[in-house]
Amino acid sequence: SQTIHQWPATLVQPVGSPLSLECTVEGTSNPNLYWYRQAAGRGLQLLFYSVGIGQISSEVPQNLSASRPQDRQFILSSKKLLLSDSGFYLCAWYPRRNTEAFFGQGTRLTVV
Amino acid sequence: DAKTTQPTSMDCAEGRAANLPCNHSTISGNEYVYWYRQIHSQGPQYIIHGLKNNETNEMASLIITEDRKSSTLILPHATLRDTAVYYCIVRLYSGNTPLVFGKGTRLSVIA
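Protein chains in written order, with the working numbering: chain D, 4 to 115; chain X, 468 to 578.
The hints are simulated quantities; they were obtained by calculation from the structure and are not laboratory data. The beta carbon of each residue, even a glycine, is placed where N, CA and C say it ideally should be. A couple of the hints might just be wrong.
Some, not all, of what chain D presents toward chain X, calculated at C-beta under 8 angstroms [said to hold, decoys possible]:
| # | residue |
| --- | --- |
| 1 | Trp10 |
| 2 | Pro11 |
| 3 | Tyr37 |
| 4 | Leu49 |
| 5 | Glu103 |
| 6 | Phe106 |
| 7 | Gly107 |
| 8 | Gln108 |
With the hints as extra help, turn the sequences into a complete structure.
Structure below.
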């Protein structure tokens with residue numbers, strides 16, 4: 004069966020520190036992968052998506068970047084965190100066929 | 468930008484049917500209607516999707532109007548655990564098209 008792993012579950016980081024969130028998928032190959040962010044009391048904002056290794060599409064210009072070094076690995080990074088980067092970060096994958104998307108359990112990031 | 472319009476919030480009595488409307492007047496012929504829900508502090512959960520025919524699964528029913536400009540998600544017997552934000556999304560069939568979430572409807576099921 005397919006599963007998606009996302010870690011860590013919670014993270015508290017000081018302003019100006021770097022960030023690395025990792026997402027991996029098991030049980031499938033060549034998935035479409037997504038990073039979303041949900042600020043407190045807000046909706047889900049699509050940040051990045053990837054249809055293959057090294058292929059990253061950015062939806063919103065910001066202080067974050069994404070990379071896909073392996074087929075089933077998607078990494079969200081920042082060199083220097085801002086207070087506004089706080090939020091609930093979700094990784095998702097979508098099979099090539101048109102069925103449901105699967106979401107990770109999320110990382111709650113608090114920048115202090 | 469999301470292509471759907473949903474009420475901000477709704478209440479439903481426990482055990483009654485919850486009917487959540489969605490307007491998607493600009494939907495194109497090859498776009499599907501998807502419904503997801505997000506329970507507090509969790510990732511979204513897929514509920515159902517459809518193109519033009521009504522659909523039913525173990526969680527819900529999806530009723531799409533003949534002109535496809537609106538749809539209704541029906542939870543036949545709402546429980547307290549159905550309290551969540553429900554998102555209606557239109558999306559191309561292509562697997563490369565990302566899911567874009569709007570603001571959704573916050574459904575509160577009341578005992």
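Hint check:
Checking D:Trp10 against chain X: minimum C-beta separation of about 14 angstroms lies over 8 angstroms; hint violated. Contact between D:Pro11 and chain X, as hinted, is not supported at the beta carbon level, the nearest pair being about 15 angstroms apart and thus beyond 8 angstroms. Because the closest C-beta pair between D:Tyr37 and chain X is about 6 angstroms apart, less than 8 angstroms, the hint holds. For D:Leu49, the interface hint holds, the least distance from its beta-carbon to any beta-carbon of chain X being 6 angstroms, beneath 8 angstroms.
Satisfaction of the interface hint for D:Glu103 is found here, the shortest Cβ-Cβ separation to chain X being roughly 3 angstroms, below the 8 angstroms cut-off. Using the Cβ-Cβ criterion of 8 angstroms, the hint placing D:Phe106 at the interface with chain X is satisfied: the shortest such distance is roughly 3 angstroms. Here the hint on D:Gly107 is kept, as its CB sits about 6 angstroms from the closest CB of chain X, short of 8 angstroms. Taking 8 angstroms as the C-beta contact cut-off toward chain X, the hint placing D:Gln108 at the interface holds, the least distance being around 6 angstroms.
Figure legend: structure checked against the earlier numbered hints; hints not met, in rising order: 1 and 2.
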